[in-house]
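First residue of the sequence shown: 1, per our numbering; consecutive thereafter.
Incorrect hints may have been included.
Unchecked claim - Dumping the calculated DMTMM-like pairs for lysine to aspartate or glutamate here, alpha-carbon to alpha-carbon at most 20 Å:
1. K6 to E81
2. K2 to E81
3. K144 to D70
4. K73 to E3
5. K2 to D70
These are calculated hints, taken from the structure and not from any lab test.
Being a predicted model, the structure only gives us computed values, none of them experimental.
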Amino acid sequence: MKEYNKTIKARILLLSIPIICAAIFSIYDVFWASTEIKESSIFGFQAGIIISMGLIAVITVIRYRALLNDDKKLLLQFNRENDERIKAIKAKAGIPMVPLVSTLVIIAGVIAGYFDTLIFMTLIAVAAFQMTICAIVKVVYMKKM
1 MKEYNKTIKA
11 RILLLSIPII
21 CAAIFSIYDV
31 FWASTEIKES
41 SIFGFQAGII
51 ISMGLIAVIT
61 VIRYRALLND
71 DKKLLLQFNR
81 ENDERIKAIK
91 AKAGIPMVPL
101 VSTLVIIAGV
111 IAGYFDTLIF
121 MTLIAVAAFQ
131 MTICAIVKVV
141 YMKKM
């Protein structure tokens with residue numbers, strides 16, 4: 001269980017990256033972003049995506065901190081993550097690679113949005129399509145297995 005405890009702590013450290021990025025972006029938005037950037041059609045979407053990723057990371061860190069304080073909850077989470085049926089379903093649905101690649105495509109889309117609107121919309125559509133297909137495959141296998 002100590003190894004899983006270390007794994008949770010490492011996850012908390014990794015989740016601090018999107019939290020810091022969201023905080024930096026929010027500070028930039030409030031103090032230094034020009035009105036031209038703020039008035040662009042994509043800026044609101046970009047801000048929403050970045051801030052929501054930061055909020056999801058904060059919620060996950062809070063959940064992990066609660067797990068570290070309670071050994072029973074930690075054991076339950078360990079058992080959930082190591083369930084063979086769930087692992088097989090996730091493997092068939094392409095998890096964790098599809099969500100990881102989709103997240104990277106969204107980040108690339110947010111960055112590309114500063115340069116070209118068409119590339120931004122295309123990358124976001126591709127990521128949404130990937131995530132939708134992954135979710136459908138996961139639901140199908142959850143019912144099959």
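Check your understanding: Looking at the structure, which of the earlier hints fail to hold?
Key -> Result: hint 3 breaks, nothing else.
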